[in-house]
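K.L.:
The hints should help you fit chains V, U and A onto chain X, whose structure is shown.
So you can see what is in the structure, the chains are spelled out below.
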Amino acid sequence: MKKITSLLTGVAFAGIAFANAAYATTLEEVQSRGELRCGVDGGVAGFSAPNDAGKMVGIDASVCDAVAAAVFGDASKVTYIPLTAAERFTALTAGEIDMVSRNTTHTLTRDATLGVNFTYYNFIDGQGFMVAKDAGLSSVKDLDGASICVQTGTTTELNMADYFRNGGMDFTPVGYSTSVQTREGLEGGACDALTSDASQLAAIRSETADPNAWTMLPEIISKEPLGPVVRQGDDQWMDIVAWTLYALINAEELGITSANVDAMKADSPNPSVGRIVGSEGETGANLGLSQDWAYNAIKQVGNYGEIYERTVEPLGIPRAGSVNDLWTRGGILYAPPVR
Amino acid sequence: MTSTAASKKPMMTDSPPIITINKLNKWYGKFHVLKDIDLNVNKTEKIVICGPSGSGKSTLIRCINRLEVHQEGSIIVDGTELTDDVKQINEIRSDVGMVFQHFNLFPHLTVLENCTLAPIWVRKKSKIEADELGMELLNKVRIPDQAHKYPGQLSGGQQQRVAIARALCMQPRVMLFDEPTSALDPEMIKEVLETMIELADSGMTMLVVTHEMGFANKVADRVIFMDEGQIVEQNDPKNFFNNPKSERTKLFLSQILNH
Amino acid sequence: MKSTTIPLHRNPKLRSFVVQASLLLLVAYALFSVYQTTVSNLEERGIKTSTSFFDEVAPFKVGYSPFLEFKLGETTYIEVFFIGVLNTLLVAVLGILAATVLGFFIGIMRTSQNWLASKCALFYVETFRNMPLLLQIMFWNFAIFLAFLPPPKQSIEMGVFFLNSRGLHTPVPFIENHLLSTIWFGVIFASFVGTFVFAKWSKKRFESTGKSLPVFLISLSSIITVSYITFVILGSPLGIDIPVLGKFNFKGGGQLPLPLFSLWFALTIYTSAFIAENVRAGISSISKGQVEAARSIGLTRTQMVKMIILPQALRVVIPPTISQYLNLTKNSSLAIAVGFEEVVAVWANISLNQTGQALIIIAMTIVFYECCSLFTSFILNIYNKRVQITER
Amino acid sequence: MADSTLKLKKLPDREPPENTIGWIAWIRDNLFSSATNTLTTLIFVYLFYLYIPPFIEWAIINANISGTDRSVCDTNKSGACWTFIKIRLEQLLFGLYFASNPEQTWRPIVAFSVFGMLIIPLVIDKTPHKKWLLIALLTLYPLLFICVVYGGVFGIPVSDTGQWGGLLLTFALSFVGIIVALPLGILLALGRRSEMPIVKMMSVTYIEFWRGTPLITILFMASVMLPLFFPSGVDFDKVVRAMIGITLFQSAYTAEAVRGGLQAIDKGQNEAAMALGMGYWRRTILIVLPQALKISIPSIVNTFIALFKDTSLVSIIGLLDLLKMAQNSSRSLDWNGYDIEGYLFAGFVFWIFCYGMSSYSQKLERKLDTDRRAE
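Residue numbers (this note's numbering), protein chains in the order written: chain X, 1 to 339; chain V, 1 to 259; chain U, 1 to 392; chain A, 1 to 375.
Okay, chain X solo, but in the shape it has when bound (with noise of 0.2 Å):
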């Protein structure tokens, strides 16, 4: 009831300036709501998508899992709000979700102007292109002069712009609102091309009904660093959401996984392993967390290499070499120390 009566009053009293947020920091807030509202697109397989049962399940879905049980010790403490991506930044500067986890890519002037935080990065991709196989196209070199679906206010839409004016080619856009409809767009006809994300392709072509038909191009285009973003202005929450990722990075590389974490628990000999599951140090403590906070995350959600498995792995991008892949096998992946 207590949306409805904030409705009612809200509605009676819009014009009359209300005293300020009641709690302080977005930690209490979560706290005492008892749960994390996480905003995610919702419709994007590997990232975030209801499965059958209705649960948001993706890499994306699966950071607000962490967050949630390094905070309640309860993964499952997480609303999912599903956001488009015009909203998702005013949701978020708004106070109506505490975090955001939804492919976003961080940029200077989403950075700068937009009142938000990037932490770091869940996801590291880039953009490419998918043509018909039987179109006899080896490059995007080769797209000079076609029709290209893409989902209109992204990034994508922008390097696309730039990769082809550096290249002194010409292209007709084909916007569309949601990936669906550019995968519907590519399917019919309305394009030579669809680009968007390497991981989004995957997704999208395993969804055609064909997927033999289409083939990605070699070129990737673009960086799109993708990860969690929180409010500005709040940096213990932001902090506990970048130190949650890191945590997940540290314990692949560690080699904690959610099976054998309680025995790390138990008895490790190693301090870096320690300070993570908590038998040593007041990591916790310091991020306003207990002690048990990160021990929580991988044992409930596991760590970042068990969740690449889990969600993006089945796509068909695999993750061996890629830069995905931890520092210390070839990849980027490279979390500060937990000490």
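No lab work stands behind these hints, which were simulated from the structure alone. Among the hints, a few may not be true.
[Said to hold, decoys possible] Simulated DEER-style distance windows between Cβ atoms:
#, chain 1, residue 1, chain 2, residue 2, range
1, X, I332, U, G252, 22 to 32 Å
2, A, I120, U, M158, 50 to 60 Å
3, U, G289, V, D201, 25 to 35 Å
4, A, L286, U, F123, 36 to 46 Å
5, X, R329, A, E57, 51 to 61 Å
6, A, T38, U, F123, 16 to 26 Å
7, X, R329, A, I156, 26 to 36 Å
The structure displayed is predicted, hence computed values, not measured ones. Glycine residues also receive a C-beta, built at the ideal position from the N, C-alpha and C atoms.
P.N.:
Then chains V, U and A, alone, in the frame of chain X:
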């Protein structure tokens, strides 16, 4: 006061009747509105038709210019039988003028344009000619000064006189009046009736559905009483009013004259 | 007699003043505090609002801009706004033309004597006006056109017109020889002037003699003949740019891209159902007496429709139809569902997403539509005044 | 003329000639009365012949309804795939939350059935105590809806508005739109006819502002800008924000509908009330409004129809209304390629409601017309 001798002379000329109606039957759906109507109208004859509402009198005169379609019998107007032939119908209509209870002037045209519309488009007169004719007839109905107004700006009586002028502009051989005064206030009835009397005096053939018995008495050569789709009684006005033959007519007259 | 002094709280003038003043204050206060909250929210949340992005180069490409050429890397945001506005107006004009023709056709069919025709028109009207427009736009675009139109290489050919999954491709004329084509345009202009004079003369003649000529037919055929003959004599100063199949799609000629085509198609069908209903209402608003009077003076059916029924029906039909034109213009904002680049799509969606300047962008969009609405009311007022003068 | 009395014999009513009544005459008059008419008939018959049998074959005769997955439809491509609708029906009607929690499905069912039980007697002419039914619909029913569908009381678990979807969401949005907009609209209509210039001006500005803007822009505003207007701490989810936008928008249209009713009221009514010594509010509430509202019901219903259709626009700001639900289902991997069926189903559901409402409003209009003529 009795009417002028000229118009009261019985029509015993040899020329054929201008309208011949023979065994006319009409149904609205299954409702039998006109039953075996026989009626001949001679040139320059004035006929007043009266009767209670629903007796079929309006339907009868509307059949004459094919606003209603009859199912049995025949109507011959000026030697032409009314059939489904559109061309014939239009010819007959341009020879038969009609004045309606609710005037039915065209509200988007000025008074003069109302009058000249048909002469221009049906009679193919030039605009100048038609304008002259229109003004002449508006003069006749005594509203030439209203020629450039719109019907909505006129009183009911004036509108009805415009309607008469409009019908006359086609220089018809027969004029039909469908309760021309029943939608008017008493003082306006008078001005319309005066116009109609003048028209009668000019020798026009007229069929008038009306309850204005004064008018009937003064102008009519024949008064017809209809009830339940039949012609119950017809006679010259004197005999009709003074010596009605059927009970139904008596009852009707007593109701209409004593109210 | 004793003069009565009204107690202050019962003085109607004072009461009205107090009510209005307090209402005004309340609304002003409400607006002010919304403003203040917004400003402080923006500040608090670190969102910077300014119009400086107007002159920034738009970092994306608008695919369809027939009036203002879009140059990647040169076109600025504010130009994108105008491209959007022009595209909205384009689809509005195309839609209004088609919906009016179709709407009148269906509306007249609805009043037809033919039972089948009348019922089919009824079916049409009831089907299309009782389903959401958005659903219809998406249905035509995604479920019908995209699904059934062939790819460019197997386009449906209709002479020099080509229809495929990218849209409709049409030939367009282009100027080959400047001097000669100027002469040619001059000749056409002169022949228009000629027919105008001819029409005036024929009207005069009609008024004085009552003899009429088929002015429209004569004018049309003489304009066509004259322009064709001079075109040949001048040695074809204009070329026709016929679309040619290129590597990916047809090149050259004019293009009605599929999103525009679907949007236009759906808007036309949807709006025509409403216009048809207006037309039906207009025609049936004419009393039987008018028809009978027209018949009784011997007008033919065509004359009656042209001179009595239509002029009167139009007075009833036009005002709600003008409102439908406004609705159509507003409804064109649903283009966002199929990706046509009108003002809401390129401005309130793409530009907003890229710049984050929600306040300014939404406000400008609203102002544009309010202008359309004001313009419509203006036209309606003029029309109503004119009708009032000619008929009371 | 003496023989005229011979005609006094009353003729009996006869049946009209055979060929002028009955279906033959009807066909002749309505289908073949002239050459053009005959041609038109032939053209239409040919068109029917071309399109109707194949459609019926596709939609009914060859259609698939059995089975639980797409394999049935994939093997028989010549007919429509209604299996898809059957399997997804609960989602389409109640949204994901109630469809995926079978033990909760009773809640929207109760909400819809109670609504049906209230609305059906309301549209039937002879129902007694209509006024109370209407009041119940406008006051008690929303409470019931909140308790049952939203929950949070009597141990019914809360279903966030954000989890509503399908027809339920479409219904909730338009219902909120109409009942909140009604009082607002009445006030605005009174304001627009007020003699106080400032009140009038403000009402006119308000009404024309909302009527001049497309709903989609207002929804964008509600979804992107509204959060900026409220102080931090007052936050509504997207559905509630859409409701606010829709209500503001709808109140302007309702106001115009009510204004039409107010204009139709005879001035004498107001004057008579004044003569009885009634003040403004008493006159308005007791005399003018009851009559004006009665007259404006058809127009209000018409604005409601428009609103009901327009709620589909919330799919553009990412809400899962009936249309979006149908689209999502037909675009999902399970049923990819059967989107015509999805659109037809959603269109049909919208059509049923809109057509029903518009027939009702036309009926009311005719009734009001005859009532007024009778007066």
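K.L.:
Would you mind marking each hint as holding or not holding in the structure?
P.N.:
Okay, the hints, checked on the actual structure:
1. In this structure, I332(X) and G252(U) break the distance hint of 22 to 32 Å, their C-beta atoms being roughly 47 Å apart.
2. One distance hint, 50 to 60 Å for the beta-carbon pair I120(A) and M158(U), holds here, with the actual separation near 52 Å.
3. Separated by about 28 Å at the C-beta atoms, G289(U) and D201(V) satisfy the suggested range of 25 to 35 Å.
4. Distance hint check for L286(A) and F123(U): the Cβ-Cβ separation is about 45 Å, which falls inside the suggested range of 36 to 46 Å.
5. As the Cβ distance of R329(X) to E57(A) is approximately 60 Å, the hint placing it in 51 to 61 Å holds.
6. For the pair T38(A) and F123(U), the beta carbons lie near 21 Å from each other, so the given range of 16 to 26 Å is met.
7. Range check, R329(X) to I156(A): Cβ separation about 51 Å, and the 26 to 36 Å hint is violated.
Checked against the numbered hints listed earlier, the structure breaks hints 1 and 7; every other hint is satisfied.
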